[in-house]
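Asker: Residue strings, one per chain:
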Amino acid sequence: MFIEYTWLVPLVPMICFLLIGLIGRKTPEKGGYFAIAGALISFVIAALISYEYLTGDTYPNPVVESIQWFVIPGSTDFVINLGYYVDGLTCLMMLFASFISTLIFIYSIGYMGDQGERKNRYYAEVSLFLTGMLGLVVSSNFLEMFIFWEVMGLCSYLLIGFWSFRHPEGDAASANAASAAKKAFLVTRLGDVCLMAGLFILLGEFHSLDYSTLFDPANIAAVDSDMLTLAMFLIFGGVIGKSAQFPLHDWLPDAMAGPTTVSSLIHAATMVKAGVYLVARGYPLFIQNAEVMLFVGVIGGVTAFIAATMALNNMNIKKVLAYSTISQLGYMILALGAGGYLVALGMGMEGAEGAALITAGSAGMVAGCFHMMNHAFFKALLFMCSGSVIHAVGTEDMREMGGLGKHMKITSLTMLIGSLSIAGFPFFSGFWSKDLVLEIAMEAGHDGTVWFTVMWILAIITAFMTAFYMFRMWFMTFMGEEGHATQHCHGESPKTMTFPLIVLAVLAFGSGFLILFGLDAMVSFTVTPDAFIVGGGEAGGFHHFEHIFTSPYTYLTIVLALVGIGIAYLMYAKKTMNPGAFNKDGESWLYKALTKRWWFPDLYNQISWKLGYGVARGVNFIDRQIVDGTVNGLSGAVVGGGDALSKVQSGHVQDYSSIVLLGISVISVLFIVIAKVMGGI
Amino acid sequence: MDIPILSLLIVVPLIGAIATLFMGGEKQKYAKVVAGVFSAITLVLALLVLFADDMGALAESYAWIQTSAIAISFTLAVDGLSVLMVFLTALLVLLVVILSAEEEDRPNYFHALLLAMEVGLMGVYMAADYFLFYVMWEVTLIPMYFMISWYGGPRRHYAAIKFFIYTHVASLVMLIGIFAMAFEAAQITGTGVVDFAFSVINPAIAGASEMFQVLVFALLFFGFAVKMPVVPFHTWLPDAHTEAPTGGSVLLAGVMLKMGSYGIIRICLEALPLGAEYWQWVVIAIALLSIVYGAYGCIAQTDLKKMVAFSSISHMGMVMLGIGCLSEAGVTFAIFQMFAHGLITAILFMVCGMTGHKVGTREIPLLGGLAGRMPMYALFMMIGFMASLGLPGLVGFWGEFPVIFAFYEFVIANDALWLILFCLLSLMLTAGYYLWAMQRTLFGPETTKIDLTHAHDVSKTEGIALAVLVVLVAFFGVWPDAALSFIEPYVSALANMGVVI
Amino acid sequence: MDMTAIFGDYTAIAPMLILIVGALILPGIQLLSKNRTATWAVALVLVIASIAVNAMLIAEEFTGKAFDLYTYDAYTGLMVLIFQVVLFLGVLVSNASIETTRLHVGAYYALLLGATTGMMFVAGSMDLVSIFIGVELTSISSYALVSLKRKDSRAAEAAVKYVIIGGMSTALTIYGISMLYGLTGTTVINDIAAQTQLTGMNWMFAIALVSMIAGYGFKIAAVPFHMWAPDVYEGASTPVSMFLATGSKKMGLGVFFQIFLIMFVSGTACSAIAGPEVQYLFAIIAAFTMTVGNVVAIAQNNIKRMLAYSSIAQAGYILIVMAVMSEYALAGGLFHMFTHVFMKGGAFLIVGALICAGIGEKISDYRGLAKRAPFLAFAMMLFLFSLAGIPPLAGFTSKFFLFSSAIGSLDGVTSQWVWLAFIAILNSAISLYYYARVVKAMYVEKGTSTEKVSIPAPFMVAIVICVVAVIVLGVYPQIVFDLCEAAAAAMFA
Amino acid sequence: MIPIEYYLVLGAILFAIGAYGAMTKSNAIVVLMCIELMLNAANINFVAFGAFTTDIMGQVFVIMSISVAAAEVAVGIAILLNAYKMRKTTELDDEQLRTLRW
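Chain order of the listed sequences is A, B, C and D.
The opening position of the first sequence corresponds to residue 1 in my numbering, with each subsequent residue numbered one higher.
The opening position of the second sequence corresponds to residue 1001 in my numbering, with each subsequent residue numbered one higher.
The opening position of the third sequence corresponds to residue 2001 in my numbering, with each subsequent residue numbered one higher.
The opening position of the fourth sequence corresponds to residue 3001 in my numbering, with each subsequent residue numbered one higher.
The reader is advised that the hints may include incorrect statements.
Residues from chain B that face chain C, not an exhaustive set, calculated with beta carbons under 10 Å [as the list claims (entries may be wrong)]:
1. His1168
2. Ile1178
3. Ile1188
Straight line, CA to CA, 25 Å or less: simulated DSS-like cross-link-like pairs of lysine-lysine [stated by the list, open to error]:
4. C:Lys2452 - C:Lys2371
5. A:Lys406 - A:Lys575
6. B:Lys1460 - A:Lys26
7. A:Lys647 - C:Lys2371
8. C:Lys2440 - C:Lys2371
9. B:Lys1027 - C:Lys2452
10. B:Lys1029 - C:Lys2371
11. D:Lys3088 - C:Lys2151
12. A:Lys584 - A:Lys574
13. B:Lys1027 - B:Lys1460
14. A:Lys495 - A:Lys406
15. B:Lys1029 - C:Lys2446
16. C:Lys2371 - C:Lys2446
17. C:Lys2151 - C:Lys2065
18. C:Lys2446 - B:Lys1027
19. C:Lys2452 - B:Lys1029
20. D:Lys3025 - A:Lys647
21. C:Lys2362 - C:Lys2452
22. C:Lys2151 - D:Lys3085
23. B:Lys1027 - C:Lys2371
Just so you know, the hints here were simulated from the structure itself, not pulled from any lab data.
Cβ coordinates follow ideal geometry from the N, Cα and C atoms, glycine included.
Using the sequences and the hints, build the whole thing.
Answerer: Here's what the structure looks like:
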């Protein structure tokens, strides 16, 4: 009974958006309460839907309902539908997206409290964003999904650029925000264009973009597999853009120019997960080709590693978190890629061996989604903690902080929980999911290709680096001597901000245990001859714990994490170890490479400048000088010809008669010539 | 219905134009009211046509010039292709009247020109006789010429005369094509009369020899291509737009450019299918060139309006691309893109045009941080830009995605998949120049290069005009079928004729 | 009213007779009454009477001969009508124009009427002798007309040039006629046509042809025989310029039609001799005429001179008829001649009216005219745009018929003259450039004076007539085009 | 009997002389006279042709032509007189008679 109203889930925030835009200005908090109410209502509806669906008879078959939207005519029409699609993955996504949004909107009441009229715009934009996110997850086809995908991109652009004019910190900051917003949009746009191209191929091959049509094995078998492979590569291009994967990852650190709540909501908890969601959602198509999955996995692994390196020496509290987000997204993609690789291999084989591989591989989906959810909680928490800190001290530079622990007890504690979770400290949520990720990568390396072993090694190193940089951040912020910004600290943040922190801290610690209650079954991936089914798998329960604690690699990661935390402690809390010794006081090549972000921004600039502006100036030159020059030249020639010819008119009447006689001669000659040519006379 | 509603669509603005023209002196402040009333009546009539039960039954025909050799009639008809353009014309004229409510410089002439332009535009979109079509085609020129000359920017003389002569040359070339078709049709039908009616010429010529169609297609296509305009016949457009007043630009880009693509579909496709097939690759090459070249042109511009003008070239290239596919999908969405571009570009030109008198300059490097001082202006500009770069959920996306998809189908069938890269590149570039422009005008530190103390935000009347367009852009973005339902029967009729596949 | 009952055997020449009578009595009236307005009124009444008679004849679809010399048919009727309209416009304004009121008005009106008589005489002649006489009557009267603007040195200079060049053209013509006469032994065009078919092409015929094309080419101001025209039109008083540009030019074109169309196409259908060659020759002349006319017009700053070049170009368009040589083309050409009277005549009239109001002939003098004289500026714009062929004005409609005739006929497209149509069309576009310059000066540029302009009433009447004609003939060309078709049919019968 | 070619050649020569004079002589009156020569060349042709075909039309035409030429010269001289009053010259290559140009 609730499931028929799934369309309300994105519609409620949409209505809130309109309300905030039209009348929000006149309400307290400039429409903030509308936003909270909208998110909350969406969450409640989502919870009811999920409950009904997961306990219903049809589970785990997806519930699909759609109406015909319009038709692209052709010999066989291409029908575009509009509808909703509910399965385990949808439930998971809409639940945590709406839940976290609710918390962040509450937090915003405090965090954005002093922004005056701008709040109206803020709440409108975040509501619209929530529409996009929830719309994305309930969409029943790729095109509908793509629309919401782009709506989110727009909101991301707007919110990154929230302070792109009249920035409280002055002109440089607003210029920076404007540029960051543009960069975010354009870089993701590159991915989106690839995604769009992928959709063309899918639409061309399947004559539909409905999930239910596309995920039907019979339909998949009927299409050109090469084109399908190409389509999936292209669609993954969209993922690379949206989820900030290598090599399009560089927009995300810049995106930190937006308000911290935005970073928390969009650039950590939800929107950047859309890419991961897309891979998970498109799994039935992605696993048709092992090469694609290998590519996905490798991109994930490399991203996780590269991003972590850049977090090592960054001094900006939000940017460290941003790199960490990229790195963790890399984990998720790696898990999906590795698992999918095994499934793809298994589908290519006959009999029990293949079936075993498929079963093993489907753990990748669980790992990816599980990590996605956990990450949403702990990264949202971390960002909101950092927001609390920034709110208190008014700077993002960690060198100016230090010793904040005394002033901000709740913040420091909740942030510690978040850091422990992301560092993979045992029993914290991040620990469980990260281990599942590492395990599936290991397995893919073992049963599949050696590439995944390499990825596994990178992932292990990343785990170490993660522990180090997270605690470096925590120690620099909350421990040690008081920096000069700390002296201006207002103390702990208001309740509207600490309340969400506490709630999220609980989840950041405890969400990992959800796997005991069948979360893995909800997002499991099953391959049957007539369908690919998400959800309804066998719940692993304690089996997971047993598995984790019997594996020697688990202990390796725990040790690495502890070592990382330990080094950070020695360097930044106890200061017995001098970081300068490792980087030659910032002079080493590697240190410079990291501060220059591996030269990615320069590369982007060069490419966009040369391919964009450089060519444009050439085109403009051609346009003015050659194309328009021809037009002007022709008209100039006519006018000039008129001037010249008019000089023949000398005013001397005998010149006229001479010309007449000349004309007569010419006419006679012409007459003879024409007659000869035509055979007369 | 007994009311000759299509004739009224021409007569009402004509009366309005004459009425406002003579409202000089003291009365001139009422000119805008009169113009508003007449354009509102026209819009109501257009809506009546739009929602008519049987559009075909509205057709009217009156004998005009009947000689022993020639039959010319005053024939008006609407179908799915034209009705959208009629609606768009009526709408934009009314909105421009609203937008120009504060025009102080000889408002009576301004509104007379607007309504005169509407006469021509309506005539072009409804004419079903080549003579009438051509007459109306040219009738649009003179008001536009004066609009640029009288109300334009510093280089208006150059721009106006360039616009006038360039497009006039093109229409004359088109006229030769029309002559050729008329005579050939007379010979084919053998009725002993050169009849200029669409209903006589189009079917007859569709059966003419390939050679003939190929040659005549070239003539007509040139005429229409200049109007659209496509590269390399586009250079009049940036100049005209840079100098034209806001209202003129809105109509020029919103509906006048569509005359070109309308002509291509109405004449080049309906009457010359073999020619279209022969030139298909050339059409596509020109379209791709326009799309990419226009987009690059935008990046290099420093004048906000000139940039939008170049973007029109790029987007009209998209229309051409859809037509060039000669497929049902391509033509359907090319028509949709015409409509979509009409709405979007109206917003863009309204916003960019008003920049000049709101801030004092349209030079992008001199602007910056306007969003702080002029939030509504920034909002409308952003919506316009976003719609134009094809943000899904707004109308521009439905003119772009399906057209490129149709082109994809075409290149797949012809083993030239790489051509799609041009389209994808243009999508990237489009986003690039719009965002870059926004970054430099709306965002960042507030400019100190110009005096912003007198800068004022969008006024109420301007806001109304813009809001109407924004609502429509969103409406058709969410429910494209509202427009597609008009287009599809027309295109399937084309398909039945074998013009498109 | 039955015209034959009134005029009897003289019905065919009745319109002409009235004018001849007028030409004879008007100097006397002036002498006796010493009142130029009275003379003017008599002249006007006579012209109107002549028009009325001709209109009745046309309405009756009268055909007939007078003295085996003069044939009145639909073609003659139309041509006569054209000349009469020109004369009417010219006479109407002459009493108001400061350029013509100080003349010896009796002689002036007599010459105007006499010149028109010559034109009308040509229109009905099918014999080279009578054509020659008619043309000379017109020419000699025009020399005098140009020179009549006494105390004006420019008019004197123009008249010198006109008479010298005109004399040469007469000599060339008559030399050509003598050759043709020697070849065929007759001066009746139909007989010549029949004879030349027998003799075939030879050098004498070629010389005759070229000489006659040159000789009558002067009257048309076809390139390269056009060079007198701008000087003369500039120098003469404006009503006379208008009369020459719209009237005498059309007589020349009429002569072309009557001689060459009959010789090469109709009647004896002797296209076997030199038909296609002559067509190409005319096509080339037409192409050059329109191109040179238009291109040089761009360079002009004097509006009368610009209009002179523009009428050279217009003659080039009409020469398309001589290239295509079809009935439809002739109908289109005649229609263009008819509309040309109003648009070019109207433009000259406005120039003349403004001279009366103290505004000069330079284009720069027209700056800001739209403010000073809104109606005149508007009318001028209509005439110029009509000349440029912008719909829905008369010039467009007539060009529509004329140019289309170069593309094809009822038998489908004839690719032979498509190139000529292209040149014509490009020229049409070029012409827009200089017409728009005037429009720009009037409407866009700011003038030094803002004083309102008032012009004499007769000018206003004449201009209004032209405006109405330009619009009506553009929107509803049916009636006049029917006449043109009938005329063309009569010619080709 | 003198062959007709002789007449024609005479006519042609006369025409050529006239044309040459009309183009080179600077005095307008001389030019007018040269034009008379050209007209008379045609008259010779007419008379010759008329004589050889025994057709009266040739002679008639000559009479016509001569009278037309007389009228023309009359008007021409009057015009020159007028011009001389205005410009004090009858030299065609004088700047005074070349003001209307370009």
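Asker: For the pair supplied as a hint, lysine 2452 of chain C and lysine 1029 of chain B, is the alpha-carbon distance within the 25 Å limit?
Answerer: Judged against 25 Å, a Cα distance of about 23 Å means the pair holds.
Asker: With the threshold set at 25 Å, check whether the alpha-carbon distance from lysine 647 of chain A to lysine 2371 of chain C stays at or below it.
Answerer: Measuring from Cα to Cα gives roughly 35 Å; hence the hint is violated.
Asker: With the threshold set at 25 Å, check whether the alpha-carbon distance from lysine 2151 of chain C to lysine 2065 of chain C stays at or below it.
Answerer: It is violated: about 44 Å lies between the C-alpha atoms, which goes past 25 Å.
Asker: With a cut-off of 10 Å on the beta carbons, see whether isoleucine 1178 of chain B makes it to chain C.
Answerer: 9 Å, holds
Asker: Does lysine 1027 of chain B pair with lysine 1460 of chain B here, judged by a C-alpha cut-off of 25 Å?
Answerer: Answer holds: lysine 1027 of chain B to lysine 1460 of chain B is near 24 Å, not above 25 Å.
Asker: CA of lysine 495 of chain A to CA of lysine 406 of chain A, is that 25 Å or under?
Answerer: Distance of about 18 Å is within 25 Å: holds.
Asker: For the pair we were handed, lysine 1027 of chain B and lysine 2452 of chain C, check the Cα-Cα distance against 25 Å.
Answerer: Roughly 20 Å between the alpha carbons, so the hint for lysine 1027 of chain B and lysine 2452 of chain C holds.
Asker: Does the alpha-carbon distance linking lysine 3025 of chain D and lysine 647 of chain A stay inside the 25 Å limit?
Answerer: 22 Å, holds
Asker: Holds or violated: lysine 2371 of chain C and lysine 2446 of chain C, Cα atoms, limit 25 Å.
Answerer: Holds - the C-alpha atoms of lysine 2446 of chain C and lysine 2371 of chain C are around 9 Å apart, at most 25 Å.
Asker: Given the hinted pair lysine 1029 of chain B and lysine 2371 of chain C, is their alpha-carbon gap at most 25 Å?
Answerer: 18 Å, holds
Asker: Does lysine 2371 of chain C sit within 25 Å of lysine 1027 of chain B, going by the straight-line distance between their CA atoms?
Answerer: 17 Å, holds
Asker: Given the hint that lysine 1460 of chain B pairs with lysine 26 of chain A, does the C-alpha gap stay at or below 25 Å?
Answerer: Holds, because 19 Å separates the two Cα atoms, which is no more than 25 Å.
Checked against the numbered hints listed earlier, the structure breaks hints 7, 17; every other hint is satisfied.
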